[in-house]
Each structure stands twice: as C-alpha cells, then as structure tokens.
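Asker: As they're listed, the protein sequences go chains B and H. Residue numbering for the first sequence follows the working numbering, beginning at 1 and increasing consecutively. Residue numbering for the second sequence follows the working numbering, beginning at 114 and increasing consecutively.
None of these hints come from the bench; they were simulated from the model. Here the structure is a predicted model, which is why all the values come from computation and not from measurement. Treat the hints with care, since some could be wrong.
Said to hold, decoys possible - Distance condition first, Cα-Cα at most 27 Å in a straight line; then the derived DSS-like pairs of lysine-lysine: (1) H:Lys170 x B:Lys2; (2) H:Lys183 x B:Lys105; (3) H:Lys127 x H:Lys196; (4) H:Lys184 x B:Lys42; (5) B:Lys42 x H:Lys196; (6) H:Lys127 x B:Lys100; (7) H:Lys184 x B:Lys2; (8) H:Lys127 x B:Lys2; (9) B:Lys105 x H:Lys196; (10) B:Lys100 x H:Lys183; (11) B:Lys100 x H:Lys184; (12) B:Lys67 x H:Lys183; (13) H:Lys196 x H:Lys170.
The residues making up each chain are set out below.
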Amino acid sequence: QKEVEQNSGPLSVPEGAIASLNCTYSDRGSQSFFWYRQYSGKSPELIMFIYSNGDKEDGRFTAQLNKASQYVSLLIRDSQPSDSATYLCAVNMIRGSNYKLTFGKGTLLTVNP
Amino acid sequence: DGGITQSPKYLFRKEGQNVTLSCEQNLNHDAMYWYRQDPGQGLRLIYYSQIVNDFQKGDIAEGYSVSREKKESFPLTVTSAQKNPTAFYLCASSRRGAQETQYFGPGTRLLVL
C-alpha cells in the first residue's frame, strides 16, 4: 500500500460547484495533515492543515479528518476557475526519532466557467 | 519580506558536471528540506536538516550532496553520479516539530544538455 494515496484525476467541476478531494494514508501514527495547492510550473502553497478529527473551515475551504478510517479530504465550495490546480495531500509520519512529510501524487482539479 | 529564495530559476547541466542549487530562508526556521518533483511522481525527499551542521538522507539521496553551515542556507549539489537529474527541485523550511508546516521556495528547474 502506498503511504499517501490520492486520485490523480483530472477532477472536473463547473464553476460554483463543490469540489471534493480525497486522500488516504497508511501510517496510523500520523499526527498532522496538510493540503497544498500547486499551479502548473509553480511551487506548492499551503491551503490548510488539520491535526484533530473532524472538520476545519477556512473561507471556502473545509478540511475533514477521520483518523480511524485514515482518511483526509478537502472540500472547496463555490469553486472558481482560479482554483484550477493540482492539490497535494501531505501527511507527517513518524520515522524513528524524526518526522517525515510524505506527499501524495496530487489530484488535478479543473473548474470550468 | 520573509521567505525562501532559490536560485537559479533554470539551470542547465552538461554530462559529467556537478551543479549547485541555492536555497536561502530568512524565516528563522531550524529545519530545511530538498525535494525533487517529476511529472506524475509527486514530491520525493532528497535530504533534510533539522539543525545547523547536521543533515540526513531522504528517500532518494544517491547522486546528491548537501551542506548546512548556516541556519539560513541549505545548498544542494547534483553530482555527476545522478544519471537522471532533469526535474523540478524544491526547497522548503519549517520550525522543528511534528506539526509544523513546511513552506516552499519557488523552485529550480534543472535540465540536462
């Protein structure tokens, strides 16, 4: 099993719709979870982080974490064409005495006007 | 302005040549990281450093070397032993700790002539 898995997409939604991005992870000891957005040719930028089970909202974005199911998701409400990008899920996993941020391969989101 | 800078933006390497990618941060972060991104592969960890004068290998360290002589700087050398160096190289930094967010520089795109 891959450590962090995401559907590669592309996920296509109409403008104004809700986009739902999903991520599963293999390490039950993982403590922190991040969503990054990456535009083509650019570096990743942080969208949200979540540490506790449940939902966390920030503007149009909601992160959801279910540690029992080893599942984290990102919802984007009122999707805009400017949201079109690759979304990377990242999970901080314990490796000995250190922590390692492990990335999924990303989901390409396209928002159609 | 606080942030992470990487230079150059584009770098061309000839066969058998070593090249060095620069990464500087003024965020006062203890930890710094180097990732490689290939199309469809997500981000893979090359090296990381949690403190000055100390660094550890990541998942794909072969053919690369680093140094951490100053808190602000974490240069990456791509040696001639790296047979497939063409990729997008990303430097990141964070405070130390399992729940700390990593912030990325703008990246360097390395191409082989």
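Asker: Look at each hint and say if it fits the structure.
Answerer: To see whether the hints hold, each was checked on the structure:
1. With a C-alpha separation of about 20 Å, the suggested pair Lys170 of chain H and Lys2 of chain B falls inside the 27 Å cut-off, and the hint holds.
2. About 32 Å separates the Cα atoms of Lys183 of chain H and Lys105 of chain B, which puts this hinted pair outside 27 Å; it is violated.
3. Simply put, Lys127 of chain H and Lys196 of chain H have alpha-carbon atoms about 11 Å apart, close enough for the 27 Å limit, and the pair holds.
4. At most 27 Å may separate the alpha-carbon atoms for a hinted pair to count; Lys184 of chain H and Lys42 of chain B meet this at roughly 25 Å.
5. For the given pair, Lys42 of chain B sits about 25 Å from Lys196 of chain H by alpha-carbon distance, which is consistent with the 27 Å threshold.
6. Under the criterion of a C-alpha separation no larger than 27 Å, the hint pairing Lys127 of chain H with Lys100 of chain B is inconsistent with the structure, at around 32 Å.
7. A C-alpha spacing of about 33 Å is found between Lys184 of chain H and Lys2 of chain B, which places the hinted pair above 27 Å, so the restraint is violated.
8. As the CA atoms of Lys127 of chain H and Lys2 of chain B are separated by approximately 35 Å, the hinted pair breaks the 27 Å bound.
9. For the hint pairing Lys105 of chain B with Lys196 of chain H, the CA-to-CA distance comes to about 23 Å; that is within 27 Å, so the pair holds.
10. The hinted pair formed by Lys100 of chain B and Lys183 of chain H meets the criterion: a straight-line CA distance of about 22 Å does not exceed 27 Å.
11. Proposed proximity of Lys100 of chain B and Lys184 of chain H is supported: the alpha carbons are some 20 Å apart, at most 27 Å.
12. A distance of roughly 38 Å separates the Cα atoms of Lys67 of chain B and Lys183 of chain H; the hinted pair therefore is violated under the 27 Å criterion.
13. Under the criterion of a C-alpha separation no larger than 27 Å, the hint pairing Lys196 of chain H with Lys170 of chain H is consistent with the structure, at around 18 Å.
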